[in-house]
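Residue numbers (this note's numbering), protein chains in the order written: chain A, 11 to 1059; chain B, 42 to 259; chain C, 2 to 458.
Certain hints may be false.
[To be verified] What follows is a list of derived Cβ distance ranges for each label pair:
1) Leu163(B) to Phe320(C): 51 to 57 Å
2) Asn152(B) to Glu567(A): 22 to 28 Å
3) Asp165(B) to Pro147(C): 43 to 49 Å
4) Ala563(A) to Glu193(B): 56 to 62 Å
5) Ser713(A) to Phe320(C): 41 to 47 Å
6) Ala563(A) to Asp165(B): 18 to 24 Å
7) Trp74(B) to Ser791(A): 40 to 46 Å
8) Tyr143(C) to Gly232(B): 56 to 62 Å
9) Leu163(B) to Ser713(A): 48 to 54 Å
10) Ser791(A) to Phe363(C): 29 to 35 Å
11) Ala740(A) to Gln359(C): 17 to 23 Å
[To be verified] Quick list of in silico lysine to aspartate or glutamate cross-link-like pairs, DMTMM-like style, CA-CA up to 20 Å:
12) Lys990(A) to Glu153(B)
13) Lys105(A) to Glu244(B)
14) Lys990(A) to Glu781(A)
15) Lys985(A) to Asp995(A)
16) Lys985(A) to Glu153(B)
17) Lys572(A) to Asp548(A)
18) Lys987(A) to Glu153(B)
19) Lys105(A) to Glu153(B)
20) Lys369(A) to Asp388(A)
21) Lys760(A) to Asp26(C)
22) Lys245(B) to Asp383(A)
Since the hints were made in silico from the structure, they are not lab data. Backbone N, C-alpha and C fix where the C-beta goes; we use that ideal spot for every residue, glycine too.
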Amino acid sequence: MSSLKKKALPMLAGGAEQTAASTEAAPQHGSGRPRFWKSFAELENTPEFRASLEREFAAPPTDLPPDAPERRRFVQLMGASLGLAGVGCHWQEDKILPLTRRPEGTIPGTTKRYATAMELDGVAVGLHATSYDGRPIKIDGNPLHPESLGGTSALHQASVLGVYDPDRSDKPWKRSGGTAAASSWQAAAEFLNTHFGRLKGTRGYGLRVLSERSSSPTLALLKQRFLAAFPQARWSVYEPTSGDGARAGSLLAFGKAHRALLKPEAAQVILTLDADLFAPDFPGHLALARSIARGRSPDGPMSRIYAVEPMYTLLGGVADHRLPVRAEQVKTIAAALDAKVSELAKPLAELGAAQALPKSELLGEASVAKFLDALAKDLVANSGKSLVVAGPSQPAEVHALAHRLNAVLGNVGRTVRYVEDTLAENDSDLAELKQLADDLAKDRVDTLLVLGGNPAYTAPGELAFDTLVGRAKTSIHLSLYDDETSQRCTWHLNAAHYLESWGDARAWDGTISIVQPLIAPIYGGRSSIELLALLLGDTTKALDLVKATHQAALPNERAFRKAVHDGVIAGSAFPAATPTLQGLKPVTLDERALGGKKLQNGQLEVTFGPCLKVFDGRFANLAWLQELPEPLTKLTWDNAALIAPATAAELGVKDGEACTVTVGGKTVTLPALWVPGRAEGSVHLALGYGRTAAGQVAGHAKSEVAPVGANAYALRTVAGYHAATGGSAAFSNADLPRLSTTNDIYNLDKIGHEGAEERAPELVREATLAEYKKDPRFVESREEPHPPLLSLWVPPVSYEGHKWGMAIDLNKCVGCGSCVTACQAENNIPVVGKKNVAMGREMLWLRVDRYYQGEPENAKVTFQPIPCQQCENAPCEQVCPVGATIHSHEGLNDMVYNRCIGTRYCSNNCPYKVRRFNYFNYNVNEIGITPYTPTDDPKMKVKSMVFNPDVTVRSRGVMEKCTFCVQRIQNAKIKAKNVKQGIPDGTIRTACQDSCPAEAIVFGDLNDSGSQVAAAHAAPRAYALLGELNNHPRVRYLGRVRNPNPELG
Amino acid sequence: MNLFVFPRWANKTRALAGMLLGGAPLYLTFLIWYGASPRTTDVGYEPQQPVPYSHALHAGQLGLDCRYCHNTVEQAAHAAIPPTDTCMNCHARVHTKSDKLALIRESHETNEPVEWIKVHDLPDYVYFNHSAHVTRGVGCVTCHGRVDQMEEVYQHEPLSMGWCLDCHRAPEKNLRPPEEVTNMTWAPPDGQDAFEYGKMLREKNHLNPPTDCSTCHR
Amino acid sequence: MAAISDVNPFVTPPTGDNAFARITDNVARIAETERPPRAWYIAFAAALVMLTFFLGSITWAVWNGIGTWGNMMPVAWGFPIVNFVFWIGIGHAGTLISAILFLLRQSWRTAINRFAEAMTIFAVICAGVFPGIHIGRPWLPYYMMPIPNQMDMWPQFRSPLEWDIFAVSTYATISIVFWYMGMIPDFATFRDRATTFWRRLAYGVVAMGWRGSSRQWHRYERAYLLLAALATPLVLSVHSVVSFDFATAQLPGWHTTLFPTYFVAGAIFGGFAMVVTLAVPARQFFGLKRIITIKHLELMNKVLIATGLMVGYAYGMEFFVAWYSDDSYEGFTFVNRAFGQYAWAYWTMITCNVLSPQLHWFKKIRTSPMATLLIGMVINVGMWFERFVIICTSLARDFLPSSWGYFVPTPFDYMTLGGSFGLFFTLFLLFCRYLPMVAISEVKAFHPAAHAHPEHH
């Protein structure tokens, strides 16, 4: 495990930053305070929740406190605590095991970064993996990679936890007649040789392959060879998030499959049609977040964003105008828009006829009409500087219309480019899957080879794939986990993690990255490449296969090493294409699409989508992601039926209580959650929950671990894949565990709601672009009036040398939560589980506060990341009786775990409540939700390998909080001083800053006048949160500026 | 008058009682301060190493520089216990048959590491960085003692927090030219006062060791 | 006793001759009797059961981590600190009665001061448990002591919690010494009356060779006076310091200059309430009706009215200051207290602490032992809720709405709260059984028979 990769190469320096707002001063003006509110229930103040408040104590998550460590753990626990207490422990002898042969240039106990790439849904994101003594412990973005540009998503951050997941399968399994027998790769290899040898004889008759979508050129070559060897075989690709619509749409528009490459930076007006550009299933979401952030500087060109979408997305949060409509109605909007725009823009004839303005009740509604007219005008006025994007879940026609609108508006080549989609294996994943299911049902399948994926769980419930898998005489599943599919196959083969195997993958624009392993396969798994090679009787190593594939581009070892080192193969992107738009037929609109906003005669629309956290369910067993609050709902450890309050009221579905959603006779019961900005008559279910064979975290029927959340795949049908119609939802009295949310743990009563509403404008300070131009220092006018600020204790330090500070731009933050998980990975933050979260004991050092504003039907949302503010005049420091939190000479609040005795006084006195307390020893834990368990079970030991050795692992009973990644600061300072050099701005980056795709967070030395952070602190939009308390926080927030269309006001 | 009305001789016990009352807290305090201090518990810790490697021989008589084996000491936090290969550099030719070296040869063949026992063992929540001290001119001998005279290495200094702070607050007495750090017998040139010399070095190299908590605890 | 020479009208003179013997006998026989009243056994059994719960729940918390309680973020201080402040408050009346009333020559105190002091000490013991167990790492409280150590680390003297350590321990020490000193002559009495060897041994040792010689009496009086003078400022300082835990924090609802006075008044209020709660059954079951008279109860009830009004004034003043400060956070906190999620707790507090004592304006009620007992209990409940309201409502909703919460106690919280009463009553019942419940010598000092001068007839 600890073997270092001989091929390992050093990394390049981090990415460049852009500086924040300019600093000219201006007179102050008062300004109207918008209405803010926090959670839905509080605004509505419904009788139900008032009732819940009348209860003296709202029901606790359980009668008893959350599970505490078992007795047999007690001694170890005390041992650990004593260790932290500094009481002896010397006589427990420590060993040092040096390497017998230390590879050239490796220094034990230091970290190195290696370029690699992670592929998801056929799109690769280039990454830098940090390795400590040969084990990956942290993931960051690769600034050279077009998908990442240095940013990452929470999924990438958490993927490193997956390497050490003790629930991962560690051996092949052979199953027959309901009995499972542990096997070995050797046995498996023998079987495969004989079996596929036989299949060669029949030229692969009855052989079916079902694989995940992959962009790997090497895998593609192997696939060709495989199909050549087994001509009768049929190879299908399936992804549960698959946006067939996009591909089909480009076929419809251009006659050939194309990929659209967006450049929102260059756009003045952006329209999204049910498209969340920041969601992990949207190609290039990280780069897009950065691009949009850069295009929205209040001091530079600031784009205006319109979002037409059924439910609040991350992009919707950024948008200046939102129009919530049901997914099925987006097409109507698109058609109407085409009609209006074409009318205004008078497009050339060869672009074909425009759509006729649909006769729709929806368009009849004044607000919608007004919205569309203003939008159309705005788009046309910004021809060539606008951009229309359709979402992956929308049907082909909408995509085609988006392509047409971009052509009509002359955006092609400016804000959107095209490349030919040469990787499109098929026209529709679904058709393929349906075909396969059909073959299985008719017993046409002799051998089913499943490469990755988990179809038994992710296939639409309608296909009953879970039962069909068993129909194949021989079924082989290559998978990281012995999951739902594996347990129904005759063979399970344990796969290698992407950080364990050589490979290659393409970005959305075609750029090729070499996937470099950081560690030898811990459980001896193999990658798809290795398995295919094995089936073809090819004994070449994966690395050599990859090299061979890129022989042309990388002729020699030097070139190859450079490619691995950089993480990209230069110039490997697809060539630009200029497809010609074909005239579009009039789109077909059923009466539901034409109907009004209101619920259509009780017929609900049910939309399905990948979860921002666990995606399609493949990441469900990564506790970091389960505990990450979902950006908009702030849900943890659960999925819910997201429904508009009006609709819910109509159906009698109660907020936070169980409801039963039915589609085509199939039902799912899960808690309902009233969400603002959700289209009426429409319910959303997040996919990826309700796993039964995921593991100890997300659910495992065999070991009686209840699934987390409810399985929405059950309701999915081929017809209603993304949005099923004719669904229904009803109140259910099923007794489900209460939802664990972090932002608003308990309903707010009227008083609480009013109080929150009154103070929120001061906490998140906003203005429109016009207001900002008039008064750049608008943030000051939002400040709470306060007496002159005098302090009892004289600020003790003069802060010579360094003076660390941070600035967070509320205008850039999209609230995706990548920083939260990055912080968790960097700082060994434990996971506390659903019950503890429900009690308000989550440990996340960095939280992202979410405020709603305006009317629930279409509320605006604002995000505010809250790390420790590192106050210069810190309330926490003055009250600690043992001096466990002390001010450093560089202005940090040092938190000393080993001195802390846990009086929790500091937390009481912290106005930001950023301090977190270890109520239990969350690291000692049977159910394995946290990375570390000090047992002798080797699998459990493996978990502790994910820890960052530069950060102390906290035990029970101590306080902890954000440290500005002090370990990075100290290491950088020591390194610099060793070689007698200074620390240039940008060398020290906090984990949150590193991961942020939107560059919203800036960190640095305030004494360095040239630093970005100093500039940000001096910016007119900069304000201190609760500055009137005289705490002198070291974090400044840059007020948010919106850019609404004056016509829509 | 019966016994329980305290006859006159009982008065003599008053002094004793007073001493007990007053002395107990003092004694307790002393016990914690002295008894629980690493100066008492840790100094002199000398575990038996699996291989009888003699620093006295190698560093002392043969005069190997510390950095020949602990070669990362100037770049990294850890001084790095040398890999087996380092031993074999010489012992592939020297004492190739010695039983003392059996473990080393075995490790060299099997590629299994030798399990050395840690002598200078700081708590896990303390982050000590060798390079930060060595490159600033704190000699090995300052913390490790005369290793060149130790057959079996033992802990020479308490390595307690107070002990660290003593030096961080007033490093002068322990400073020397960085190129002299591994010199076990170094003394200030031409009989200068060590403190004055250190003071000079401190100004010259702009050394002001921090005493912030996060300097060592992260 | 030249110092205090006026005749005490409140001690009903015992009928017949040799009154001193009667008083002595009256008190001493409680400790000497073979079988205390059945009520004592029942009470003691109940107390022991509760004590077991107490120890059990503490063990559980130390074993598993204090997450076994409902404490969370933002309400990081829950029941344990509420209980701590509550008990410290109770522990005020004793020293107040014995020291301050002594200096004020309130001779009626003699009937009740002994077990009031006992109550004080037991309450302080109960209080003392909580700071120790509420911390996250209960095995490390010595970090708060200024002991030289290898870390070169000292406690942080800016922290009110550090001040608590000294305030409370000083108070406990002085109270115990004061209490013990007062008992010495009575121990001697017990010793001399003792019939068995072991009783004589035990009481003999604690009586420290008291002979009752006038020289001893002289020294005794001096020392007593000095200790009283020493204890008096402590009565005021302890709870002032405890109130600093809150007053020096910047949390809305805590950050108030009113707190020290407010807390002391509240403490005396609660303390006296507890005294009457104990006095009534004591005089009932141990036949002390002739020593602890209705008059004593009535006087204490009057004290309750007075202190009750003070506390009520403080409640009102908090609101006024919140409004007058024009600090929106402060303002919100108090509106939220009275009408927000914790309104139920707030109004319980008002009813118990401000309204119920007003009943004592009626002589009928304040002279009825039963009513006295009930109201005393009600006030004790109210005083517990006062601390709950101060701690939980302020913490639950401070500055950022995003981190607001709602405290939900677990069964272990209730067990620890109930259990602490178990500890208290166990100790108190043992005291009643084996120690002089009334200061015999002092009561005698004010007995008419002690002043049989002609001019008084």
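Outcome of the hint check:
no. : hint                               : in the structure
1   : Leu163(B) to Phe320(C): 51 to 57 Å : holds (55 Å)
2   : Asn152(B) to Glu567(A): 22 to 28 Å : holds (26 Å)
3   : Asp165(B) to Pro147(C): 43 to 49 Å : violated (27 Å)
4   : Ala563(A) to Glu193(B): 56 to 62 Å : holds (58 Å)
5   : Ser713(A) to Phe320(C): 41 to 47 Å : violated (56 Å)
6   : Ala563(A) to Asp165(B): 18 to 24 Å : violated (47 Å)
7   : Trp74(B) to Ser791(A): 40 to 46 Å  : violated (58 Å)
8   : Tyr143(C) to Gly232(B): 56 to 62 Å : violated (47 Å)
9   : Leu163(B) to Ser713(A): 48 to 54 Å : violated (40 Å)
10  : Ser791(A) to Phe363(C): 29 to 35 Å : violated (58 Å)
11  : Ala740(A) to Gln359(C): 17 to 23 Å : violated (54 Å)
12  : Lys990(A) to Glu153(B)             : violated (39 Å)
13  : Lys105(A) to Glu244(B)             : violated (39 Å)
14  : Lys990(A) to Glu781(A)             : violated (48 Å)
15  : Lys985(A) to Asp995(A)             : holds (15 Å)
16  : Lys985(A) to Glu153(B)             : violated (32 Å)
17  : Lys572(A) to Asp548(A)             : violated (27 Å)
18  : Lys987(A) to Glu153(B)             : violated (36 Å)
19  : Lys105(A) to Glu153(B)             : holds (14 Å)
20  : Lys369(A) to Asp388(A)             : violated (23 Å)
21  : Lys760(A) to Asp26(C)              : violated (64 Å)
22  : Lys245(B) to Asp383(A)             : violated (73 Å)
Violation of the numbered hints given earlier is confined to hints 3, 5, 6, 7, 8, 9, 10, 11, 12, 13, 14, 16, 17, 18, 20, 21 and 22; the remaining hints are satisfied by the structure.
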